[in-house]
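Number of protein chains: 2
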Amino acid sequence: MNLRPPELSTSELDGAATFLRDSDEVMLTSHVNSDGDGVGSCLALAGLLRSLGKTPSIVLQDVPADTYSFLEGFDAIIQAEESATRTFDRVIVLDCPERERIGRAEHLITADAVLLNLDHHLANQRFGDSNIASEAVCSTCELVFHLASHMGLEIDPATAAQLYTGIIFDTGNFRYSLTTPVSMEVAAELVRRGARLDRIADRLYNNATFGSVKLVGRAIESLELHSDGLFATLHLTHQDMQLGDPEAAVNYGLMVGGVEVSALLKEEQPGKFRVSLRSRERVDVSALAHQFGGGGHARAAGCRLEGTADEVKQRLHESVNEALT
Amino acid sequence: MNLRPPELSTSELDGAATFLRDSDEVMLTSHVNSDGDGVGSCLALAGLLRSLGKTPSIVLQDVPADTYSFLEGFDAIIQAEESATRTFDRVIVLDCPERERIGRAEHLITADAVLLNLDHHLANQRFGDSNIASEAVCSTCELVFHLASHMGLEIDPATAAQLYTGIIFDTGNFRYSLTTPVSMEVAAELVRRGARLDRIADRLYNNATFGSVKLVGRAIESLELHSDGLFATLHLTHQDMQLGDPEAAVNYGLMVGGVEVSALLKEEQPGKFRVSLRSRERVDVSALAHQFGGGGHARAAGCRLEGTADEVKQRLHESVNEALT
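From first to last, the protein sequence lines are chains A and B. By the count of our numbering, the first sequence reaches residue 325 at its end, each step adding exactly one. By the count of our numbering, the second sequence reaches residue 325 at its end, each step adding exactly one.
If you're looking for bench data, these hints aren't it; they were derived computationally from the structure. Every residue, glycine too, gets a C-beta built ideally from N, C-alpha and C. Among these hints, one or two may not hold up.
Computed spacing ranges between beta-carbons, pair by pair [what the hints assert, rightly or not]:
| no. | chain 1 | residue 1 | chain 2 | residue 2 | range |
| --- | --- | --- | --- | --- | --- |
| 1 | B | Thr18 | A | Leu52 | 47 to 55 Å |
| 2 | A | Ala248 | B | Gly295 | 50 to 58 Å |
| 3 | B | Arg304 | A | Arg282 | 40 to 48 Å |
| 4 | B | Asp156 | A | Glu106 | 51 to 59 Å |
| 5 | A | Asn33 | B | Asp156 | 38 to 46 Å |
| 6 | B | Leu52 | A | Gly293 | 53 to 61 Å |
| 7 | A | His107 | B | Pro5 | 47 to 55 Å |
| 8 | A | Glu281 | B | Arg86 | 36 to 44 Å |
Just chain A, same shape as in the assembly (with noise of 0.2 Å):
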């Protein structure tokens, strides 16, 4: 079953497929902190180098979360720091729309190297020898997926719960609308390969600490709601701070129907806030942290702001009824 979108052209995957073809040592990266996709694809794509015979190293600035630590190839992910004393002149970026977000990867990198791109963010500046950056795809894996069937590779099971992984994190477990029914799809056809749907799931979305489970709570119980039940906010004090940072926790003022935006105020120093921004669908929330010195995306952005929380609530709630109006 021929499943890739028009929009990926036989050219570009020509191009990726020749430099994977052309690759022996070979260097894996994608970008600072990576999430669920980053790693997807890097393992992914490791294991498929692998069946062609390549020897591919997985080099990341910072050490993934320990949620994707059952995929196999995990613990072979080098940390940048550890191992400056090797250098790829062969490096391919993986869901990394800027160059210089691969962070301290970069000291790994010769200067003559060769690069290939792959990517699904359309603002993609396209640094490589050889790129694809397609916003038709869901995810970083989606694409290595399609790269993998027009290279004819086979996808084994191990792989297919990598790439299933970064489909499910990028596409908030298909709930996103930039989730297509071709990623649903290709999420399909990795589950007859052999992802486990519900132990993958599970990996994802539960397996917190307690402590962070707890802040969850302590987070909901400081909900409140304004502007006739269209913005709603959560605050976690310094103190609470101590105890972990519970990002997720701004969902659940989303979670009350009726809500446009929701904002969780995170005290980090006494009267210093982080704010996280979530918008379900009338209001553009980057503009909204823009005005703040912040920035993000039109569903979720964030800003710092300076004083009370009920001051900070204030002026969060006057730029709400500004957008809304």
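Chain A is fixed; fit chain B onto it per the hints.
For chain B alone, kept in the frame of chain A given last:
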């Protein structure tokens, strides 16, 4: 694209198709307290029947949750008691393993009525004159999709949204092991035909009341771990229970990595607890609930216990320990 699983035989589908084509005035119903799959499959099949020039009426014992009010046709659903003057001699029962479970909708069915029974529960009692009850599908909505495809019926955007709703309801948004690759491919096809996956998930998962979200926070605050982190309890006091019934709070116990069984104690009357049980993988909680006169499924069950909260936790704790050894 033919997605039909081989377990659904042509003769079964032909039988159901003949029933639909031979119907004119026909009643559709589902089990009491109909859920997303029951409501979605009734609404979708009613729309498909209308496209065949038929006159379907959906009759349910209980008004479905407002969660589903965004689905086309929701307002035309008849509550069983309001219309007991009218009767039907052709009836389609959807997502209902036993005829008794349609509840008071029975009052509208004539003694000589002809029944079509469409379901995905293996234990279905095949009480219809024509039956399809197959576990090859994840949900009755998936079954209705295959039936519509078999009959060559057009699936419009409204029908696609109704069927998609049932599929994500019964698969936990593609997280439960009953989700097959074909279930996901059917979902993909429904998205292609106009189901908005982001909006439907938002309606199902982000549509709670302020009070019920706060109660989840209250439940999480009560979270305790026992047996070296294998057993989690959450406890809502009699006072908390005056504010609502956040059944889903039991899942927050399993959200902690390593927890095998989570129990939510709901003190419905002082000293009288309704207990919800959830299991990750190792324990069959229906067997555990059975010890206390309750029941359910291997991964989700419930029972009633009396005593102080600590006594109830202790009794559950002992049973969980036994089940884990």
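Hint-by-hint comparison with the structure:
no.	hint	in the structure
1	B/Thr18 to A/Leu52: 47 to 55 Å	holds (54 Å)
2	A/Ala248 to B/Gly295: 50 to 58 Å	violated (34 Å)
3	B/Arg304 to A/Arg282: 40 to 48 Å	holds (44 Å)
4	B/Asp156 to A/Glu106: 51 to 59 Å	holds (52 Å)
5	A/Asn33 to B/Asp156: 38 to 46 Å	holds (44 Å)
6	B/Leu52 to A/Gly293: 53 to 61 Å	holds (60 Å)
7	A/His107 to B/Pro5: 47 to 55 Å	holds (52 Å)
8	A/Glu281 to B/Arg86: 36 to 44 Å	holds (41 Å)
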